[in-house]
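> Protein chains in written order, with the working numbering: chain E, 1 to 188; chain B, 1 to 172.
Hints in this document: simulated from the structure, not taken from any laboratory.
Glycine included, each C-beta is placed from N, C-alpha and C at the ideal position.
Mixed in with the good hints, there may be bad ones.
Each pair of labels, with its calculated beta carbon distance range [claimed, not checked]: (1) B:111 to E:67: 44 to 54 Å; (2) B:68 to E:89: 25 to 35 Å; (3) B:23 to E:171: 10 to 20 Å; (4) E:157 to B:16: 18 to 28 Å; (5) E:85 to B:118: 16 to 26 Å; (6) E:88 to B:69: 18 to 28 Å; (7) E:96 to B:33: 33 to 43 Å; (8) E:157 to B:34: 29 to 39 Å; (9) E:18 to B:16: 35 to 45 Å; (10) B:109 to E:9: 27 to 37 Å; (11) E:67 to B:65: 15 to 25 Å.
Stretches of chain E that chain B covers, calculated by requiring three or more beta carbons in the stretch to come under 8 Å of a beta carbon on chain B [what the hints assert, rightly or not]: (12) 12-24; (13) 32-38; (14) 54-67; (15) 87-96; (16) 142-148.
Listed below are several chain E residues computed to face chain B (Cβ distance under 10 Å; list not exhaustive) [unchecked claim]: (17) 27; (18) 47; (19) 123; (20) 126; (21) 129; (22) 177.
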Amino acid sequence: MRMNETEKELIAMVLAGRTEAFEPLVTPYRGPLLALAARLTGNREEALDVVQEALLRAYRSLRSFDPSHPFRNWLFQIAANAARDRGRRISRERAAFPEVIDRAAAPADPEARLDRRETYSGVMSALAVLSPREREVFVLRDLEELDIRETSRALGCSSLSVRVSLSSARKKLRLAIRQDFPHLKEDR
Amino acid sequence: MTCRKLHRLIPLAAGDDLSPRQARAMRAHIARCPGCRAELEAFRKDLAAIRAEARAEVVADWSAGEWRALMVRVAAATNAAPGRAEQGAGAATWMRPRWAAAAVAGALLSLVIMAVLFKGPSIPRPAPEGPALAANFDKTQDKVAIHMVSPESGLQVVWILDRNFEWKGDHE
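Please model the entire structure based on the sequences and the hints provided.
This is how it looks when you write it as structure tokens:
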């Protein structure tokens, strides 16, 4: 998937200082970005923060974008990095202040709780059995349909590393769905 | 390729992610091994079902307000145009000026430490031959005292001045 002319023009406009061109540039990817972030973080609220951070980073480093690659993949790469950074930060904070973080993570509003349960249902919930790297690889390769090379570029690792993580992720996920989520198999 | 080796490759083969060489070897093996062929097909079906299930799980899309608010925040947080903002690829590039500053600060700190460590023994300065002069000056004080002692005669003179250096007072 190559960049289309409209994207090239919009990028040129943003780089020329017309910041209002940034919104039409990223709007076509707002749904895919949110879905990617939600699959990587496990819930929608965190995903919103991740997308915000990703778009800020994208804006700031737009000049470094290589137009020979798809703009979508570049955005996915930034979002995956933002999700990983956020995950690490939360892990550190959880280690330092476990009670505070756990209280903040439990929404008081019953509707918010319901939303969160719904978000965690099905395959999204099964993704929790994967390590962060396995989850990134599985989501980018199997759900967002990047190929192995694009996935490795997005994650900044080798194709071999992507294949190792992908193999492990598929095995774990298949096993988890057979054992813990039989309804997913029955639904098919 | 043995059945055991092939089983290790099945998760990748199910998504057509083997290298061309591995894919050729696998095709050759499953052509003559019905057990492995069945296992590969079962894995392929499961993977397709997981992918379909995951894609069917729709994450609630942005509300118009959420997206608008996000765009406003992005615009507010990026006052500088990208041309003036960080250039280069991702985080690594925008970190460069900080690394440069840190390197300079580290070098300066090293110089200071080296200077302190390798400074020679301090040489006591001889006392001045002339009259000793001591001024007690404090900006918070209204008065300044200047105390002068003659080393030859032992005569001491004290001037007390106000903050405008007008003589107020006393000598002995």
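> Lying within 18 to 28 Å: is that true of the beta-carbon distance residue 157 of chain E to residue 16 of chain B?
holds (20 Å)
> For the restraint on residue 129 of chain E, tell me whether the closest CB of chain B is nearer than 10 Å.
violated (12 Å)
> Is the interface hint for residue 177 of chain E satisfied, with its Cβ closer than 10 Å to some Cβ of chain B?
holds (6 Å)
> Please check whether the segment 142-148 of chain E has three or more residues whose CB lies within less than 8 Å of a CB on chain B.
With 3 residues in contact (Cβ-Cβ under 8 Å with chain B), the coverage given for the segment 142-148 of chain E holds.
> Does the segment 12-24 of chain E contain three or more residues whose Cβ lies closer than 8 Å to a Cβ of chain B?
holds (count 7)
> For the segment 54-67 of chain E, does the count of residues with a C-beta closer than 8 Å to a C-beta of chain B reach 3?
Holds: 9 residues of the segment 54-67 of chain E have a Cβ under 8 Å from chain B.
> If you take the shortest Cβ to Cβ gap from residue 123 of chain E to chain B, is it below 10 Å?
holds (4 Å)
> Just to be sure I understand the hint, the distance between the Cβ atoms of residue 68 of chain B and residue 89 of chain E should be within 25 to 35 Å; is that true here?
holds (27 Å)
> Is the distance from the Cβ of residue 23 of chain B to the Cβ of residue 171 of chain E consistent with 10 to 20 Å?
holds (19 Å)
> Would you say the C-beta atoms of residue 157 of chain E and residue 34 of chain B sit inside 29 to 39 Å of each other?
holds (37 Å)
> Please test the hint of 35 to 45 Å on the beta carbon pair from residue 18 of chain E and residue 16 of chain B.
With a Cβ separation near 42 Å, residue 18 of chain E and residue 16 of chain B satisfy 35 to 45 Å, so the hint holds.
> How does the segment 32-38 of chain E fare against chain B when you require at least three residues with a CB closer than 8 Å, holds or violated?
holds (count 3)
Of the numbered hints stated above, those contradicted by the structure are hints 5, 7, 10, 11, 15 and 21, listed in ascending order.
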